[in-house]
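Asks: Fit chains B, C, D, E and F to the given chain A structure using the hints.
Protein chains: 6
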Amino acid sequence: MPYVNIKITNEGATAEQKAELIQGVTELLQTTLNKNPATTVVVIDEVETDNWGIGGEVVTEIRKRAK
Amino acid sequence: MPYVNIKITNEGATAEQKAELIQGVTELLQTTLNKNPATTVVVIDEVETDNWGIGGEVVTEIRKRAK
Amino acid sequence: MPYVNIKITNEGATAEQKAELIQGVTELLQTTLNKNPATTVVVIDEVETDNWGIGGEVVTEIRKRAK
Amino acid sequence: MPYVNIKITNEGATAEQKAELIQGVTELLQTTLNKNPATTVVVIDEVETDNWGIGGEVVTEIRKRAK
Amino acid sequence: MPYVNIKITNEGATAEQKAELIQGVTELLQTTLNKNPATTVVVIDEVETDNWGIGGEVVTEIRKRAK
Amino acid sequence: MPYVNIKITNEGATAEQKAELIQGVTELLQTTLNKNPATTVVVIDEVETDNWGIGGEVVTEIRKRAK
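Chains as they are written, first to last, in full-length UniProt numbering: chain A, 1 to 67; chain B, 1 to 67; chain C, 1 to 67; chain D, 1 to 67; chain E, 1 to 67; chain F, 1 to 67.
Next up, chain A with everything else stripped away, as it sits in the complex (with noise of 0.2 Å):
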């Protein structure tokens, strides 16, 4: 029965590549600690980008050099 939370940067993840993530870290608890895939849950938190910071500075920021 885990709980996985991940949380990415808000940068337009779709719906079918939510759904697969979720798909996949639920079939790789079963293979890795034998989990139960039925009561396993997951959540993903998508942070907008003036809300992450790495390096001490805003992702924001780090995007916008690395055009």
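In short, the hints are calculated from the structure, not lab data. There may be inaccurate statements among the hints.
Chain copies aren't distinguished; within one or between two, either way the pair holds.
[Claimed, not checked] Using 20 Å as the maximum straight-line C-alpha spacing, the simulated DMTMM-like pairs for lysine to aspartate or glutamate come out as follows:
1. K67 x E20
2. K64 x E48
3. K64 x E20
4. K64 x E16
5. K67 x D45
Replies: For chains B, C, D, E and F alone, kept in the frame of chain A given last:
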């Protein structure tokens, strides 16, 4: 001084229902564990059904099938 | 299918008290929001008082002063 | 490689203020615990006042009363 | 730069299993969402069965009944 | 009334360092966002290096190689 995070799917909970939930959880922590309600914090996250999976399946799909 | 995370300081909650809390929160989500108890997950984290701060002060110190 | 999650009520924090917060927390982890800023991640969640409770009461109501 | 938090009950996962899980989730985020593995962070929390509830019941009790 | 959760690897942070971190984060939220320190909550989680991964690799292994 407990901190409670409640994650639910975003399917139309009203402000009144959420207020009732916050009040109820705060009282429950007082009656079961003698926690001080004044410093009990409750945060509710409402998550899109595309971003919530159970049993390896996205809730959006589960809801469609249930109709 | 709600997910609830309750963080409390590690100050002697018994297994019975925690069971009562888990049962109570699950019932509360059913009565206030009509959530299915079968898939409601509750996880309690007990945090050392050295690792919890409020008002800029560590709980260990607050507890010492209160004696 | 710390991970920091900051939850605040959604009451008008600007991108500049959030950038300052991310930079400040990252520096603080370096000065207090010698953590490498390059792999320090900070995520800010802005929560609607209807979804945040303290003292058993919703922040929306607390703000109304404070006016 | 995703952040993934996996909560499982503390029931004997080995270091090898956890390493396999961390590697698998990181690869999955790369294949499904093209996320950079270098900055993908995965944190596993192992929670005592007394502190995990599903269906309003503590896992410790569910495990006893299953024997 | 912010809530801050700081996750670090469990590698010997002292009570004094954690107290300094809690005080620093609380002050930072006051100076950057004018948040009331009295209701600012900070919780530090210290995670075993076996349970933390970055770049698809467990921190225990990264630390061994760095010696």
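Asks: Tell me, please, which holds for K64 and E20 at an alpha-carbon limit of 20 Å: within, between, both or neither?
Replies: Answer is between: at 18 Å across copies they meet the 20 Å cutoff, but 29 Å inside does not.
Asks: Treating 20 Å as the Cα threshold, decide for K67 and E20: within, between, both or neither.
Replies: neither (28 Å within a copy, 23 Å between copies)
Asks: Between the shortest in-copy and the shortest cross-copy C-alpha distance, which are at most 20 Å for K64 and E48: within, between, both, or neither?
Replies: within (14 Å within a copy, 28 Å between copies)
Asks: Give the relationship of K67 and D45 under a CA distance limit of 20 Å: within one copy only, between copies only, both, or neither.
Replies: Answer is neither; intra-copy 25 Å and inter-copy 26 Å both fail.
Asks: Taking 20 Å as the upper bound on the Cα-Cα distance, should K64 and E16 be classified as within, between, both, or neither?
Replies: Answer is between: at 15 Å across copies they meet the 20 Å cutoff, but 27 Å inside does not.
In this structure, the hints that do not hold are numbers 1, 5, in rising order.
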